[in-house]
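Chains as they are written, first to last, in my numbering: chain X, 1 to 339; chain U, 1001 to 1339; chain V, 2001 to 2339; chain W, 3001 to 3339.
Note that these hints are calculated values from the structure, not bench results.
Check before you lean on any hint, since a few could be wrong.
Claimed, not checked - With a Cα cut of at most 16 Å, we get these calculated EDC-like pairs of lysine to aspartate or glutamate:
id, chain 1, residue 1, chain 2, residue 2
1, X, 334, U, 1337
2, W, 3328, V, 2337
3, U, 1261, X, 278
4, X, 328, U, 1037
5, V, 2334, W, 3324
6, V, 2261, W, 3278
What the hints assert, rightly or not - Here are some of the chain X residues that sit facing chain W, going by a computed Cβ distance under 7 Å:
id, residue
7, 25
8, 26
9, 29
10, 132
11, 166
12, 186
13, 190
14, 191
15, 192
16, 219
17, 222
18, 226
Unchecked claim - Computed from the model, here is a short list of chain X residues facing chain U with C-beta under 7 Å:
id, residue
19, 84
20, 252
21, 278
22, 282
23, 285
24, 290
25, 332
Predicted model, so just to flag it, every value in this text is computed and none were measured.
For glycine and all other residues, C-beta sits at the position ideal for the given N, C-alpha and C.
4 protein chains.
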Amino acid sequence: MIIQLKEDISEKQKASLIQEVNEIGYKITEVKTQLGDYLIGIGKKDFDIRKIGQKEGIKDIHIVSDEYKLVSKKWKVKPTSIDLGDGVYIKDGDMAIIAGPCSIESEEQIRKVVSHLKENGIRMMRGGVFKPRTSPYAFRGMGIDGLKLWYNIARAEGIKIVTEVMQVSQIEEMYPYTDIYQVGARNTQNFNLLDELGKVDKAVMIKRGISGTIEELLQSAEYVFSGGNEKLILCERGIRTYERASRNTLDLNAVPILKSKSHLPVIVDPSHGIGIREFVPQMALAGVMAGADGIIYETHEVPEKAYSDGQQTLDFAQSARLADWIRKTFAMRKTFELL
Amino acid sequence: MIIQLKEDISEKQKASLIQEVNEIGYKITEVKTQLGDYLIGIGKKDFDIRKIGQKEGIKDIHIVSDEYKLVSKKWKVKPTSIDLGDGVYIKDGDMAIIAGPCSIESEEQIRKVVSHLKENGIRMMRGGVFKPRTSPYAFRGMGIDGLKLWYNIARAEGIKIVTEVMQVSQIEEMYPYTDIYQVGARNTQNFNLLDELGKVDKAVMIKRGISGTIEELLQSAEYVFSGGNEKLILCERGIRTYERASRNTLDLNAVPILKSKSHLPVIVDPSHGIGIREFVPQMALAGVMAGADGIIYETHEVPEKAYSDGQQTLDFAQSARLADWIRKTFAMRKTFELL
Amino acid sequence: MIIQLKEDISEKQKASLIQEVNEIGYKITEVKTQLGDYLIGIGKKDFDIRKIGQKEGIKDIHIVSDEYKLVSKKWKVKPTSIDLGDGVYIKDGDMAIIAGPCSIESEEQIRKVVSHLKENGIRMMRGGVFKPRTSPYAFRGMGIDGLKLWYNIARAEGIKIVTEVMQVSQIEEMYPYTDIYQVGARNTQNFNLLDELGKVDKAVMIKRGISGTIEELLQSAEYVFSGGNEKLILCERGIRTYERASRNTLDLNAVPILKSKSHLPVIVDPSHGIGIREFVPQMALAGVMAGADGIIYETHEVPEKAYSDGQQTLDFAQSARLADWIRKTFAMRKTFELL
Amino acid sequence: MIIQLKEDISEKQKASLIQEVNEIGYKITEVKTQLGDYLIGIGKKDFDIRKIGQKEGIKDIHIVSDEYKLVSKKWKVKPTSIDLGDGVYIKDGDMAIIAGPCSIESEEQIRKVVSHLKENGIRMMRGGVFKPRTSPYAFRGMGIDGLKLWYNIARAEGIKIVTEVMQVSQIEEMYPYTDIYQVGARNTQNFNLLDELGKVDKAVMIKRGISGTIEELLQSAEYVFSGGNEKLILCERGIRTYERASRNTLDLNAVPILKSKSHLPVIVDPSHGIGIREFVPQMALAGVMAGADGIIYETHEVPEKAYSDGQQTLDFAQSARLADWIRKTFAMRKTFELL
């Protein structure tokens, strides 16, 4: 159960409410976010929702049978809108485009990508400064200095920064220079990281785990939300299957399913989803038709020279065409009465 | 290696050619299809293609390093067009729509579906009369009499019939009443069935195996082609993964990959691909954007009363809208310079 | 529900019984096997088992809630014993060893394997004469003549023959020369083949599908049983997963699970299960400890020269040692009070 | 390449050596562990190993083509032995038994488990005080106070502590009370955690990722080793597949494969591997026969009352029997000449 509390609820009213819920056998977790205060009740017994609903200090009460609660559409039907400032949004009914290199490499590289994005009306840039690498001997990113460099260039041009956070200690140092913290596919169930991101007042984009279920992705989002942060975005980026003709198996089924279960916006990453440059545009457009609220893809001036992921990275000409096609496809999708 | 033979090659020329190829260590399989005669050479050593190419009786010679040969784009760049007669095609550059119930149930049901298809300009109807069922106690279909009934109604209206063949003995009895033999996901590697379908002069649509790789699907098509039948269609219908929120995981990555590897047309089945009625349209349109040459989906007047697969079956109103959206999406896709 | 009928039930009694079961909303399938006559009732409603149990002509009645019925342990607690004659059995409480080459290649090869088996007290020989191959250009086996040759040599030495049947038309021609029909992993859901094997009075060993679930394997066995043949053996041979360091992922979990759900004997195939010769013995012994009633593995005089699967085939010295270790491990397992 | 350095190598000699290796196009990582100093060279070109081998200050040089280097058997053939003190080891040729509850719950519970282990000669106890939970509302463990409580009781009885570390900040606080840091299946690719564990002089047991490959597990171990810690143990605990009849699919193939690729000891966790109490013993013994150097399983006085994982936890009577069977099975395995 989710109980939304009134802002002016007294401590005494809250204590009385918690006691009553405990008495029907529900364990209570208090959640305080940027947008509201909630009591989350976990239990299995049936109870009389009206009886509790009449208590003082309550704005609303909902029964949510899913394992995840606060990210469920069952209590919050209205889609969550992520406002990044300067008129940049990620939200249902809109089409966010996020593009940029796999790794931040140099000032020159950043400048070129930023120019490319500006020319094509793209307002959000992706890029990694902390790189999770399977091998300890591989390039691990430019680190916090790379992020500062990037920030100075991007901010001047009104470009928002989307970048991966790998561990708790990075959250604070990254904070001034980051618009969206990305949780990578290997950290989707790094619960300590999720807990800490709940304490931050910036948007968090959670990528689906390498072999994560849709349910687990929603549970991971629940961690951040219940930690206090409602600014959440979900990202489908392909799952691990037996098929090796593609890097991952982009599971576009997840898009309408996530949209039906949760009020959070859903983004598709076709670059990791297929891992083959010449097919990234098709899969991006497929993602749009599947119902995505945004597309995140990799672009670099000279993909062959990228420090990482060059094989799935678009050059600027391809990127420009794709951004155009994404917008046209989305415009058409809006004319259909899809769910 | 694939050697295309001239029609007027003499037996002596052919024998000399085979001998020469054998001498360089290649094993020869002779293939005779509706469209041509071929020698398929299997071996690993390097050889001088010009030397063999100069022999008499040869139209052309190609090196194909893939495990599959005749279905590869490496020797036949031009896409294969499946001509079903009466102006009905499945081919690259076109958008085939195939719709109909999971199971053929009754004359009345057939008539209603046929009318629905006619009204919406859909020229191909799917439906099962032989049903592969996991449980021996489930409904196994109306059998050959159902097919004859269906044929009489559909043919009168110019509707082509797409239906599953489960075993060798059915091929002949189904022949007069079938336009496209469908090989189901459980039979993709039923090699005897594939061999026998190679001897038939009707189109064959091969569904990807339940956990089949893209490579295996192409190898299965190679069986039919090398058996003598070039009229082949490939179908992505979802694969088995750990995810249970959907019936299967529709692998749309397979679409551009198959199109890049083979000259055969590729169809997408969103009904089995996601298994949830309200999301079938999104996945169909995603399939179009991924590059499919056609969409096959399930429709029934009253899906809730369908003998099988009702949960993933569209009603006629949904089907009519979807057919329209598929055509619009395809028209837009054609304006993009996608691969 | 499973109703076991008395042998002397009259047609009238049976008709009355079927009518009564139909009236409670259950659909009846009549099953007649080598060992008994059954009525299988499929339905969902609760009913009074005693009321039906009192009807005349009934030996026993059981409620079986699994999707599979006749292969379930819920009605037949006593393990099924497969008697191949001449004192050769596959059964719970015993350890069957089946060894032999992947493919039957020649008279000389057969003689050498047969001698090796005799010397090591192994009474069952595996080998393929019809080979399912992913590529149409690969060796497809010696066919029925190879089987006859093999039969003549093996029978003289008291060795039983285990060999794969690929299609319905082979069942009859193989019959005189076969002791156990093997259904391969690509045919586990070839339902027509399973139906026809139900009509035969010889043992059938069903391999788990390439990505088949435990439930599906039991359903496939149900096909054969409900077709009339109770002589069934289940075989775990590895499943397809994302892991590529081994050919398949041998799922030994399946052994105790299958044994707990079904009364049928369970065999493990470590050769296909791991696909790496030097590790086949470990996995065979692991299979014994997991609870297998038998082990089937590949052996050849010179594995490197085998027509197929050489990389996972033991030479005779390795095979002799393994057979000894299997017996010792099984003897120890019997001293443990495992389930 | 791996270059083992002499202890008395001079800075000048090392600089010269690094320069020479850089000149042939290899990137150098310096590694300093408890046991030695190494230079790891990453590159692809062929080079003259003798020429570099002649340089001063080198103990030995090895070419290792695997992606992982220091954990490979290619340079260190002798198996790694983990010495926990007081005569407790995890090593090849020995059989480690680690048992205990999923979660540490109370002083009373700890005392009972410790007594049970002592009575059965088990020297290592598992238990979680920091619990990774899919849902933020589930029990997350007793934390560091639970660990201290446990330590006081266990240490007095000579029992070693194996417990999960979830994040970097816990490493230091856990240090005085922990014998083996366990890296859980959700953290196998938490590279920051692995890096930091490289700086610790205590053993680390890395569980295979939920859908991790064998190669990835070795790469994760490479992180810790290259960070400075050679005291590593690998653990197979089941992988995620499509099969749902068991909690995970215990991949015992991984045991001989890991043992053949790496010098590190390999442990099997049958409790998580199958997730069903009555089948844990069979899978444990199967793990022994597959070649494991140890078994880790869950036990609790009253499994039904355990805070977590009760369904896969043995009671003490089952645990006592299993420990005995494990030892007997291992004693028999040693008599076989397995790889």
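Can we keep the residue 132 of chain X interface hint, with Cβ of chain W closer than 7 Å?
holds, 5 Å
Chain U contact restraint for residue 285 of chain X - C-beta distance below 7 Å:
holds, 4 Å
Hint check, residue 278 of chain X versus chain U [nearest Cβ-Cβ separation less than 7 Å]
Holds. Min distance 5 Å.
Was the hint right that residue 222 of chain X lines chain W, CB cutoff 7 Å?
holds, 6 Å
Just to be careful, I want the Cα atoms of residue 3328 of chain W and residue 2337 of chain V compared with a cutoff of 16 Å; is the pair within it?
holds, 13 Å
At a threshold of 7 Å, is the proposed contact between residue 84 of chain X and chain U supported by beta-carbon distances?
The hint is violated - residue 84 of chain X has no Cβ within 7 Å of chain U, the shortest such distance being about 27 Å.
If you take the shortest Cβ to Cβ gap from residue 252 of chain X to chain U, is it below 7 Å?
holds, 5 Å
Satisfaction of the residue 192 of chain X interface hint, Cβ to chain W closer than 7 Å
holds, 4 Å
The hint names residue 166 of chain X as touching chain W; please verify it with the least Cβ-Cβ distance against 7 Å.
holds, 6 Å
Do the alpha carbons of residue 1261 of chain U and residue 278 of chain X lie within 16 Å of each other, as the hint requires?
holds, 13 Å
How about residue 190 of chain X: closest beta carbon in chain W under 7 Å, or not?
holds, 6 Å
Against chain U, with CB atoms and a cut of 7 Å, does the hint on residue 282 of chain X hold up?
holds, 5 Å
Of the numbered hints listed earlier, those contradicted by the structure are 1, 4, 7, 8 and 19.
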